[in-house]
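Enquirer: The lines below spell out each chain.
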Amino acid sequence: MSDAAASDATRIAVRKTYKLYIGGAFPRSESGRSYVVTDHKGGFAANAALASRKDARDAVVAARKAFGGWSAATAYNRGQVLYRVAELLEGRRDQFTAEVRAAEGLGARQAGAVVDAAIDRWVWYAGWSDKIAQVRGAANPVAGPYFNFSLPEPSGVVAVIAPQASSLLGFVSVVAPAVVSGNTVVVLASERFPLPAVSLSEVLATSDVPGGVINVLTGRVAEIAPWLASHMDVNAIDLCGAPGSLAEDLTVAAAENLKRVVRAGERDWTLTPGVERMLAYLETKTVWHPVGT
Amino acid sequence: MAKFEYAPAPESRDIVSLRESYGLFIGGEFTSGVDGRPFKTISPATEEVLAEVTEAGPADVDRAVSAARKAYEHTWSAMPGAERAKYLFRIARVVQEKARELAVLESLDNGKPIRESRDVDIPLAAAHFFYHAGWADKLEYAGYGPAPRPLGVAGQVIPWNFPLLMLAWKIAPALACGNTVVLKPAETTPLTALAFAEICQQADLPPGVVNIVTGAGETGRALVEHPGIDKVAFTGSTEVGKEIARACARGPRKKLTLELGGKAANIVFEDAPVDQAVEGIVNGIFFNQGHVCCAGSRLLVQESVYDEVLAALRRRLGTLRLGDPLDKNTDVGAINSAAQLAKIRELSDAGEAEGAQRWSPPCDLPVKGFWFPPTVFTGVSQAHRIAREEIFGPVLSVLTFRTPAEAVEKANNTPYGLSAGVWTEKGSLILWMASRLRAGVVWANTFNKFDPASPFGGYKESGYGREGGRHGLEAYLDV
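Keeping their order, the protein sequence lines are chains D and E. Residue numbers for the first sequence follow numbering that gives the first Met the number 0, so the first one is 0 and each next one is one higher. Residue numbers for the second sequence follow numbering that gives the first Met the number 0, so the first one is 0 and each next one is one higher.
Take these hints with a grain of salt, some might be off.
[Stated by the list, open to error] Okay, derived cross-link-like pairs now, EDC-like style, lysine to aspartate or glutamate, Cα gap no bigger than 20 Å in a straight line:
{"id": "1", "chain 1": "E", "residue 1": "Lys367", "chain 2": "E", "residue 2": "Glu72"}
{"id": "2", "chain 1": "E", "residue 1": "Lys254", "chain 2": "D", "residue 2": "Asp232"}
{"id": "3", "chain 1": "D", "residue 1": "Lys64", "chain 2": "E", "residue 2": "Glu408"}
{"id": "4", "chain 1": "E", "residue 1": "Lys241", "chain 2": "D", "residue 2": "Asp232"}
{"id": "5", "chain 1": "E", "residue 1": "Lys85", "chain 2": "E", "residue 2": "Glu96"}
{"id": "6", "chain 1": "E", "residue 1": "Lys97", "chain 2": "E", "residue 2": "Glu197"}
{"id": "7", "chain 1": "E", "residue 1": "Lys342", "chain 2": "E", "residue 2": "Asp118"}
{"id": "8", "chain 1": "E", "residue 1": "Lys254", "chain 2": "D", "residue 2": "Glu275"}
{"id": "9", "chain 1": "E", "residue 1": "Lys327", "chain 2": "E", "residue 2": "Glu100"}
{"id": "10", "chain 1": "E", "residue 1": "Lys254", "chain 2": "E", "residue 2": "Asp477"}
{"id": "11", "chain 1": "E", "residue 1": "Lys409", "chain 2": "D", "residue 2": "Asp232"}
{"id": "12", "chain 1": "E", "residue 1": "Lys342", "chain 2": "E", "residue 2": "Glu388"}
{"id": "13", "chain 1": "E", "residue 1": "Lys85", "chain 2": "E", "residue 2": "Asp136"}
{"id": "14", "chain 1": "E", "residue 1": "Lys409", "chain 2": "E", "residue 2": "Glu302"}
{"id": "15", "chain 1": "E", "residue 1": "Lys97", "chain 2": "E", "residue 2": "Asp203"}
{"id": "16", "chain 1": "E", "residue 1": "Lys85", "chain 2": "E", "residue 2": "Asp203"}
{"id": "17", "chain 1": "D", "residue 1": "Lys64", "chain 2": "E", "residue 2": "Glu405"}
{"id": "18", "chain 1": "E", "residue 1": "Lys241", "chain 2": "D", "residue 2": "Asp248"}
{"id": "19", "chain 1": "E", "residue 1": "Lys425", "chain 2": "E", "residue 2": "Glu405"}
{"id": "20", "chain 1": "E", "residue 1": "Lys254", "chain 2": "D", "residue 2": "Asp248"}
{"id": "21", "chain 1": "E", "residue 1": "Lys342", "chain 2": "E", "residue 2": "Glu224"}
{"id": "22", "chain 1": "E", "residue 1": "Lys327", "chain 2": "E", "residue 2": "Asp118"}
{"id": "23", "chain 1": "E", "residue 1": "Lys254", "chain 2": "E", "residue 2": "Glu224"}
{"id": "24", "chain 1": "E", "residue 1": "Lys254", "chain 2": "E", "residue 2": "Glu242"}
{"id": "25", "chain 1": "E", "residue 1": "Lys241", "chain 2": "D", "residue 2": "Glu255"}
{"id": "26", "chain 1": "D", "residue 1": "Lys64", "chain 2": "D", "residue 2": "Asp232"}
{"id": "27", "chain 1": "D", "residue 1": "Lys18", "chain 2": "D", "residue 2": "Glu29"}
{"id": "28", "chain 1": "E", "residue 1": "Lys2", "chain 2": "E", "residue 2": "Glu242"}
{"id": "29", "chain 1": "E", "residue 1": "Lys254", "chain 2": "D", "residue 2": "Glu255"}
{"id": "30", "chain 1": "E", "residue 1": "Lys425", "chain 2": "E", "residue 2": "Glu278"}
{"id": "31", "chain 1": "E", "residue 1": "Lys39", "chain 2": "E", "residue 2": "Glu217"}
{"id": "32", "chain 1": "E", "residue 1": "Lys254", "chain 2": "E", "residue 2": "Glu72"}
{"id": "33", "chain 1": "E", "residue 1": "Lys241", "chain 2": "D", "residue 2": "Glu247"}
Please keep in mind that the hints were generated in silico from the structure rather than gathered at the bench.
Work the whole structure out from these sequences, hints included.
Expert: Shown next, in the form of structure tokens:
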């Protein structure tokens, strides 16, 4: 037996600690809690942070703090930042393929296709950043001496209950449409398969996405989602990953400050997304600008 | 120099022929209520009873929804857009033809000055039908896909501040997109909606396409919670809007749009032409007695011109004429109801109690009816209730600022986000401010301007969805 082979056989792997991603940092849950995540065969995969109400509120504070800068960034800039995420993800394709495989139990080829689709999705949304205003804006011919125009603007802080079954592609498909237009996000990852989302936050941290623009929580939907739905500084919520009965309660809670609510459930995330999710987090602002000498 | 007094110039009310009592407009006909009971609508300027109308009960609402469903399935959704368009054009024309009658009726029932109902409410209502008529056969070009579908039956609940205009904002886009409607006007202002029902008859609109059920909150609740409707559109208070959002969270999915309250900042910079700005301030808060969701109820004045602006404003308020809504010289009419008057009084008293200084021009109030003088509060802080809560009356709160950034900060410091005004001669400052104000409509060097082509609606707790323009169609299409 060669020395190299011997050391391979005895080397103990360095495991990763899976933490939350809040305001550009990787804290453990302030509650000190974690929960066991298993792989698709039921074996131990890791301890993920079990986010608390306080973590959720900290994440909203971080998202609100980041909103001013991110929403004021030029559309061209935001497009490049999203594209940069795709670049970094591409470089770690094998890692994510393995993680998605381990979590969701897909075959190697299928898992690879999912990662490819997730990368392509960032690219697709990156291209939208400087086109939404042209597609959704308007110059309105009012009967008076005004240049009247309407432009889409981001709603603010968006809470997202990520899809449960699709740990990476689903996650990207609900986060990217919110951030591309200047919203900032607090996202609760798939409860059963949270690990690919945590790894993705490592990609976000090393790309050019400013801290706080995307905040990733792991934990229980039933525990955390109600705090996000009732939070008065959250402007919109995507209930994708919340089960039907809970989604109704969350919609009721969201009415307290009239959050924009997206209730489209799980879908085949490999399909072209369409623009609905992106438009759900946009407000239309109409300006009457005087015309005269 | 001698001051010339105004002679009374009342618009004749003979043009309006009111029936003693009105039923519900269901399936193209006026019918008496099944489980409804009669109530009276009065003139808020004189407390005179104008007519008796029917408060629709749940069974009446159910009949109206069934009539709308039938019309949707058998007639309206199958009709080519070009034909729907012609009905809407017809309606627009009849509204124009009956403009004077509708204006008098509106001022009688609502209490608003005839000058406003004649020059703003009724012409804009006609314009809304005219604008949306043209969309009916062009929806595939509106940006909502190649063949956008209507939703079905829309349940619509409107407020009392612009009764016929709000009806037009609701019914015109709904019909243009191929939906049928059940509309409930506010309980204090049902008459122009009932007159509109007669207009539908004159236009030969197929029965059931438009149904009008009069009543109060319970009727509205029965309508928005009815399982047979596909769409809820509400304009009114944020409080009720939240209730509706909660109610629509459960049961069959209904598309929901809400146009709710506001606490708009009207921001005057030091380079603004003062006289023009003062006209805008007056129009912003005293137009329609301040019964305007997008009213400029918080005046933010740059500190350097505060004294000058306030002096000019007080001078101008001294010339406002309050009184008979039907007098063509009247600037400020009656408060719409006793309940609203009580609310305005309560909040104004709170303003004084919290330490703000209250001022009104010398102003004789009529003895009968509901009246409140134009009122200005100075020394207002952002924490005062009169700076935070929607008063929905002729009450202005004045605050100051030093820098544009401070103006933005103060303007956005509210749970609402419906509208804002900016007064400056500097175009770049207008656009800089407009991009930072979290409000759905930003008026620059003007205020309270409306147009059917211009999308209207709020951010945050002012609601969601837009009315008017290409954007407003989305609320009535299955997209």
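Enquirer: Hint by hint, note whether the structure agrees.
Expert: Comparing the hints with the structure gives:
no.: 1; hint: E:Lys367 x E:Glu72; verdict: violated (49 Å)
no.: 2; hint: E:Lys254 x D:Asp232; verdict: violated (24 Å)
no.: 3; hint: D:Lys64 x E:Glu408; verdict: holds (15 Å)
no.: 4; hint: E:Lys241 x D:Asp232; verdict: holds (16 Å)
no.: 5; hint: E:Lys85 x E:Glu96; verdict: holds (16 Å)
no.: 6; hint: E:Lys97 x E:Glu197; verdict: holds (11 Å)
no.: 7; hint: E:Lys342 x E:Asp118; verdict: violated (28 Å)
no.: 8; hint: E:Lys254 x D:Glu275; verdict: holds (14 Å)
no.: 9; hint: E:Lys327 x E:Glu100; verdict: holds (15 Å)
no.: 10; hint: E:Lys254 x E:Asp477; verdict: holds (9 Å)
no.: 11; hint: E:Lys409 x D:Asp232; verdict: holds (17 Å)
no.: 12; hint: E:Lys342 x E:Glu388; verdict: holds (11 Å)
no.: 13; hint: E:Lys85 x E:Asp136; verdict: holds (10 Å)
no.: 14; hint: E:Lys409 x E:Glu302; verdict: holds (14 Å)
no.: 15; hint: E:Lys97 x E:Asp203; verdict: holds (16 Å)
no.: 16; hint: E:Lys85 x E:Asp203; verdict: holds (11 Å)
no.: 17; hint: D:Lys64 x E:Glu405; verdict: holds (18 Å)
no.: 18; hint: E:Lys241 x D:Asp248; verdict: holds (14 Å)
no.: 19; hint: E:Lys425 x E:Glu405; verdict: holds (18 Å)
no.: 20; hint: E:Lys254 x D:Asp248; verdict: holds (18 Å)
no.: 21; hint: E:Lys342 x E:Glu224; verdict: violated (28 Å)
no.: 22; hint: E:Lys327 x E:Asp118; verdict: holds (11 Å)
no.: 23; hint: E:Lys254 x E:Glu224; verdict: holds (12 Å)
no.: 24; hint: E:Lys254 x E:Glu242; verdict: holds (15 Å)
no.: 25; hint: E:Lys241 x D:Glu255; verdict: holds (6 Å)
no.: 26; hint: D:Lys64 x D:Asp232; verdict: holds (11 Å)
no.: 27; hint: D:Lys18 x D:Glu29; verdict: holds (11 Å)
no.: 28; hint: E:Lys2 x E:Glu242; verdict: violated (53 Å)
no.: 29; hint: E:Lys254 x D:Glu255; verdict: holds (18 Å)
no.: 30; hint: E:Lys425 x E:Glu278; verdict: holds (19 Å)
no.: 31; hint: E:Lys39 x E:Glu217; verdict: holds (16 Å)
no.: 32; hint: E:Lys254 x E:Glu72; verdict: holds (19 Å)
no.: 33; hint: E:Lys241 x D:Glu247; verdict: holds (15 Å)
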